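The listed protein sequences correspond, in order, to chains E and D.
Heads up: the first sequence is residues 1 to 467, going by my numbering.
Heads up: the second sequence is residues 1 to 467, going by my numbering.
Treat the hints as calculated values from the structure; they're not laboratory data.
Any given hint could turn out to be false.
One copy or any two copies: either way a pair holds, since identical chains are not told apart in the list.
Dumping the calculated PhoX-like pairs for lysine-lysine here, alpha-carbon to alpha-carbon at most 20 Å [said to hold, decoys possible]:
no., residue 1, residue 2
1, Lys415, Lys459
2, Lys135, Lys450
3, Lys451, Lys135
Fair warning: this is a prediction, and the values are worked out from it, not measured in the lab.
There are 2 protein chains.
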Amino acid sequence: MFTYTFENDKKSSLYMQLYDFIKADILSGKLRRGDKLPSKRAAAKHLGVSVITTENAYAALQSEGYIYSLPKKGYYVSEISKLYHPAAVEQVRREPIIPEKKKYLYDFSSNGILADNFPFSVWAHLMRETFHHAKEDLISPSPSGGIAALQEALCTHLKQFRGIDAAPLQIIIGAGTEYLYSLLIQLLGGQACYALQNPGYPKIAKIYKSVGVKNVFVSEDDNGISIRRLNQSGADIAHISPSHSFPSGKVMSISRRHELLNWANEEQKRYIIEDDYDSEFRLAGKPLPALQSLDKHEKVIYVNTFTKSLSPTIRISYMVLPRHLAELFYRRLGFYACTVSNFEQYTLAEFMLQGYFEKHINRMRNYYKKIRNLLLQEIKNSPLAQCSEVAEEKAGLHFLLKLKTDMPDALLKKKAAAAGIHISFLSEYYRADSTEVPAHVIVMNYSALKKENIPAAVKALEKVLIK
Amino acid sequence: MFTYTFENDKKSSLYMQLYDFIKADILSGKLRRGDKLPSKRAAAKHLGVSVITTENAYAALQSEGYIYSLPKKGYYVSEISKLYHPAAVEQVRREPIIPEKKKYLYDFSSNGILADNFPFSVWAHLMRETFHHAKEDLISPSPSGGIAALQEALCTHLKQFRGIDAAPLQIIIGAGTEYLYSLLIQLLGGQACYALQNPGYPKIAKIYKSVGVKNVFVSEDDNGISIRRLNQSGADIAHISPSHSFPSGKVMSISRRHELLNWANEEQKRYIIEDDYDSEFRLAGKPLPALQSLDKHEKVIYVNTFTKSLSPTIRISYMVLPRHLAELFYRRLGFYACTVSNFEQYTLAEFMLQGYFEKHINRMRNYYKKIRNLLLQEIKNSPLAQCSEVAEEKAGLHFLLKLKTDMPDALLKKKAAAAGIHISFLSEYYRADSTEVPAHVIVMNYSALKKENIPAAVKALEKVLIK
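Excised from the complex, chain E in its bound form (with noise of 0.2 Å):
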């Protein structure tokens, strides 16, 4: 019969204990294999406990697989011989696990926003409405592509400002554009061959390569990538931004898209995924129409985010998928639970059917248009303007600035760095085997920079580049 002494500190159960000490007893072999245990009367007699005590305590020690019962018979130590017998394990001092990032004073190299920025007190508002309004709603799990009220917001405003005319369930709502390229490469096969442009966004190229499907770069020249090099380089998908290349800054001409959709046409098994990421904050002139919104034989696939136009924190994106892709994605892919949480999917719907969002878009538009001319305006005004050149400033949230020097682009970044300046390169973006990389051209992004700080900060860039 058992001996164990309770504690009545409250901390742990009777029963706890008692499961304790008995599975203590089985693992240092104390009680061993087919031994039988008292009955749960005898035991809970014996050790002044209620029954209940000694039941719970078998009950915990026979679903871990610790004892097991016979019928009529009582209760048995099971065998527990193939016991997990780690070996030491060797406590080394290892290194952290994420290494420290720099923390630069200014940083031309970041496309976040400003915390100013967000629509704080109208999101509260909203939310806290579809809160009081939408309980089920919010509990309902959402269809694999979104809710219907998001769908169709998305549609309108694609109707409105881009020119595309789709059904509410082509699109697809997720939690990124990084997923769903994941998506994507599910729907179209891991077999098509996905082309890149080069220069590029570095990471579209890290996706391919970690889902482990094919990818090869194409370069562009003026009109946006080529096709000519597209037709040599065997692929089957082009993953572009005609309305705004990053980080080149190019925006594809009228007939390059026509050619391109062209070279889709040719084969069935041809499709183009339309990056729009940035189109909403193209700040001269008209804003161009999608390029989904030319094509007729649903070849493009249209993919954008809120990353720019809400916050990257937020994590919505969506994609418009040509209505036969929408079948097979609703047929093949149906089984996955959309990724954005229901609660911001109202929300966002309602931001968005309320106005808020086409106000805010032409709030931030100001906001950039002023902030960019800041920046232009402190450059020229700098010796800088001496020894550079602004390109590409009309569209998007960057621009190019080339440098007449001799310094090599990585000793430039290098200096930057010491005085804690974040710059990037546009040679940073291209591929390593590439054969024409432009030197000495600074990608400036500015959405992140704070109006107060623009001033000092070309300041501190003009000590750094000019000698």
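Using the hints provided, position chain D relative to the given structure of chain E.
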């Protein structure tokens, strides 16, 4: 010289109208390749508009590539000979993109939650607080694994409730376990072979199939997944739910847990994915420690979700990576943005840190106990009791109802559906090539049942199941 008639309806600005006129002339062939346009000044004078209007229109046409300029010469029409000429798209009546879903009166198949059970008022309060106090944090991109506050809150919770000892950075937060699986596949390599349980949750198999990795199916015996069959399968990674297998409801015995850890230790490439999806709702006896808490060799990847414990629509899941895999994650996949919105990460962190999560879980555990007991009581008091047997009712939010009947499962399911009742059979969760499939066993989910509907639901079920 152009002759265009402008409308003063303010719907579209003068420059947009001019842009449209010229574009239409180019597309129709009225203006041809190489044609010289009048100077901006001459056109303005002729049309009776300002020079700014013609300037804007020309700039828009140029940025889209319809016209080009030669320095000191003027503007010319581009070559648009390769224009995209789509064939007429056949207009056929098409099926709806998603077939309509059947609605049920009583759903024993859903594992959703009821809106009344979500802590809306606390959540709204915490979100409002976060909006007030953490604006900067809400807008600063979260590290790839998630925000530190939530990682820390999860660490404390896991230590206390699941016996898991992990550093915050070992915890990776993502928008749903489905998404985390896709990260794991990228981390562990697409060449590995994954073993899944048979019977099992079909979505997991669908994900592996969709991303194109190899998987095999291993059946369970009374102690859990069979090690002998696991060895025969050639699998490198075992994806299992030791605390509560779905749908069988089985709990892996302690000796099998040790055997499984030994299996993983035999080869370097072997890992265990421990999917602990509803361990919070072990309704009887002591909570089982996680398999991960026994692991001394960094072989167990622990995965859990707030789908059951908060809401399936909130899309927050997490995994605990062994230390060396966490390092690999940040090195190789650290470029991915975290897929959960900062707003909800901070709110959930507060919800956990302020003790609301523990309270909520306790409340829900009691609530589900009541629902389960009521359901079991209603079955016991109905004629169903004579021709059925309840099993595996202790852990998690479902149990098995084994029927004594001759009717095939498919027929029973159909009859139930006709009566407005949604039921799923254990047999539906077996692979098509399984040898021994138990018939007449209903998987009874009860988390989405309304208390007041239970008596009527059981009565309706009784009518269907008893001839």
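Is it within, between, both or neither when you check Lys415 against Lys459 at 20 Å Cα-Cα?
Cα proximity of Lys415 and Lys459: one copy only (14 Å, versus 78 Å across).
Since the copies are identical, ignore which copy is meant and state whether Lys135 and Lys450 lie within 20 Å (CA to CA) inside a copy, between copies, both or neither.
between (39 Å within a copy, 16 Å between copies)
What label fits Lys451 with Lys135 when the C-alpha limit is 20 Å: within, between, both, or neither?
between (41 Å within a copy, 18 Å between copies)
Checked against the numbered hints given earlier, this structure breaks none of them.
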